[in-house]
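Go by the hints and put chain W onto chain A.
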Amino acid sequence: MKKLIHALLLGLVLSLLMAGISWADTIKIGVQAPLTGKYASEGQDMKNIVDILAEKVNAAGGVNGKKVEIIAEDDAFDPKTAALAAQRLTTSGVVAVIGTYGSAITEAAQGIYDEAEVIQIATGSTMVRLTEKGMKNFFRTCPRDDAQGAAAAKIIKEFGSKRIAILHDNSSYSKGLAEETKALLDPSTIVFYDALTPGEQDYTAILTKVKGSNPDLLYFPGYYNEAGLLLRQKMEMKWDVPMLGGDATNNADLVKIAGVEAAKGFMFVGPPGVNDLDDPATKEFLATYQARFNAMPASIWSVFAGDAFNVTIEAIKQSGSTEPAKIAEYFHNGLKDFPSLTGTISFDAKGDRAGKFYRLSKVNEKGEFILQ
Amino acid sequence: MEEFFQQLTNGLAVGGIYALIALGYTMVYGVLKLINFAHGDLFTIGAFLGLTLLTSLGLTDHMGALVGVLVLAAMVIALVGLIGFLLERTAYRPLRNSPRLSAVVSALGASIFFQNAVMLIWGARPLVYPHNILPKTAISIFGMDVPLVRLIMLGTSLLLMYGLYYLTHKTKIGAAIRAAAIDQGAAKLMGIDVNRVIALVFCIGPALGGAAGVMVGLYYGQISFTMGWLYGLKAFTAAILGGIGNIPGAMVGGLLLGVIEALGAAYISIAWKDAISFLVLILILIIRPTGLLGERVADKV
Chain A
-13 MKKLIHALLL GLVLSLLMAG ISWADTIKIG VQAPLTGKYA SEGQDMKNIV
37 DILAEKVNAA GGVNGKKVEI IAEDDAFDPK TAALAAQRLT TSGVVAVIGT
87 YGSAITEAAQ GIYDEAEVIQ IATGSTMVRL TEKGMKNFFR TCPRDDAQGA
137 AAAKIIKEFG SKRIAILHDN SSYSKGLAEE TKALLDPSTI VFYDALTPGE
187 QDYTAILTKV KGSNPDLLYF PGYYNEAGLL LRQKMEMKWD VPMLGGDATN
237 NADLVKIAGV EAAKGFMFVG PPGVNDLDDP ATKEFLATYQ ARFNAMPASI
287 WSVFAGDAFN VTIEAIKQSG STEPAKIAEY FHNGLKDFPS LTGTISFDAK
337 GDRAGKFYRL SKVNEKGEFI LQ
Chain W
199 MEEFFQQLTN GLAVGGIYAL IALGYTMVYG VLKLINFAHG DLFTIGAFLG
249 LTLLTSLGLT DHMGALVGVL VLAAMVIALV GLIGFLLERT AYRPLRNSPR
299 LSAVVSALGA SIFFQNAVML IWGARPLVYP HNILPKTAIS IFGMDVPLVR
349 LIMLGTSLLL MYGLYYLTHK TKIGAAIRAA AIDQGAAKLM GIDVNRVIAL
399 VFCIGPALGG AAGVMVGLYY GQISFTMGWL YGLKAFTAAI LGGIGNIPGA
449 MVGGLLLGVI EALGAAYISI AWKDAISFLV LILILIIRPT GLLGERVADK
499 V
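Heads up: the protein sequence lines correspond to chains A and W, in order. -8 is the number that the working numbering gives to position 6 of the first sequence; each next residue is one higher, with no gaps. Remember, the working numbering sits 198 above the position in the second sequence when you count from 1.
Take every hint as true, because none was put in to throw you off.
With a Cα cut of at most 30 Å, we get these calculated DSBU-like pairs of lysine-lysine:
no. : chain 1 : residue 1 : chain 2 : residue 2
1   : A       : Lys250    : W       : Lys334
2   : A       : Lys197    : W       : Lys334
3   : A       : Lys140    : A       : Lys197
4   : A       : Lys42     : A       : Lys312
5   : W       : Lys334    : A       : Lys224
6   : A       : Lys52     : A       : Lys122
7   : A       : Lys148    : A       : Lys348
8   : A       : Lys52     : A       : Lys42
9   : A       : Lys269    : A       : Lys42
10  : A       : Lys348    : W       : Lys334
11  : A       : Lys352    : W       : Lys334
Hints listed in this document are in silico derivations from the structure and should not be mistaken for laboratory results. These numbers come from a predicted model, not from an experiment.
Isolated chain A (complex conformation) (with noise of 0.2 Å):
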């Protein structure tokens, strides 16, 4: 018996021995990215395109000589578990983390990687406060939510509505999009204002207190679960008031979820979807990610993973060094207009990635997606 342990404890200083030499020549890149949990698809799929960029880099000889290696942890859409994730991935070694999704999972870990000066490059965390703060090390390839509320504001403003009922569902992200586009509508034609639980099912009583107060327009800054069923029942109550949601809502399911009866003519401001994306490479790429994983993937924020993986190579390639603090500085001032999944990226003096993003969708009557 002592002899087995013996020979198991050998076996593994050994093998630890052997992980320590296989990765001392990798340039390790973390993923924070929500694998398990509510928005575990999201989190699969950034962590998929992730993957598959990462194979190209190193099927291509790697970056400066060495070959990438991705360390993903779970952080479960979970600010308790995201704090762990960050840890995890602090003392690992990485250079730069990717991610994550939901605002106040990244915020939950963003001091962590702060303090570690870590670079953590967030990829669908559009609260505005995240690069407020004036971390350094914090960047975001995906846009912020007063630009977003700025733009839902004007498209409410041309759609001419005299009565309008805002629901969001409490996250940061939801409130935030809705007190920010709040602030630049006239008071006097807000007639409804208040949040609903996500995760429920029916939304019947809801949607029947929120018709009570007559609007012409439901802007709904929520997830796109939540707007589904709401345009699911909504239909079911015979209810046809137009319906506008936010970013979150860019994201194919909906429309499953919906149907496509109940989704036809719902509108959403948000970045370009997935299938809006039509420059060359991307495609070719999305077609390669198709071909492996036998579907596109759902939502343009996991794209954006792919960007924040794209520029971090680039860093390193460019300042020719895997110190977070040098890619940093690369990122601030070097980084100009560099063409990537999503587009052209460049980041200003906070972090935020610059440039201007919002357009307006609008389901048609197939159920796709259509940028007006």
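This is chain W only, laid out in the frame that chain A set:
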């Protein structure tokens, strides 16, 4: 006034589902004094199994919507009942004579296991039931449009609840279940096979949860692997509200919880809807710790 009645029917329809899930909690608790935290996930499994069977066998294409749905429900009830049986064998029976906390921890573990198993088997994305199975007609009652499906759902819930009540109170096996609930040792001495009774309870409880899962899938369309948690929590609340261990209590608790939620959302605040439900629960537990109808298992000898 019209909005009030509309909200009342909204609440009753949701409450019917809460009640149906609450029955499973109550039955297991009544006999074993164990809160089966995995119950919500058995409900999720029911919803996913239902979708797979429905689409792979093409049930409703072959035999029409009504018969197809009934056959589907029967299949899911059988399969989820079997899973419940296996769950009891592997996760609860070995701990039957351990402190009760061990069984609760085991139940939580089973819940996490089921949730992740569903995610690995069916994927993390929400799945969608076909939209056109149930009729879309609405019936006009007092000037309100009440979708027919909601009435069917409420009716099915009440029917299943009545069936369970009949089983436990009017049949011989029901008498054995009640006897085991009062005192397992004494029941054994009277010649009741307590293990078999418990196994049966663990088939029926989860089976009802599975049936609720199919109903939710058919009606709301969208199912996701995390849906069991919230429904489980609500059903658990409903069971406590009505008096855990008490079958009519689960019915009353479920319907009441649905109505409180709907009216709370309508007249106080949507965002505070759940807080209001739980406030009512706390108030009732302070005033009447055994729940509305009380736990009527042991006190009627």
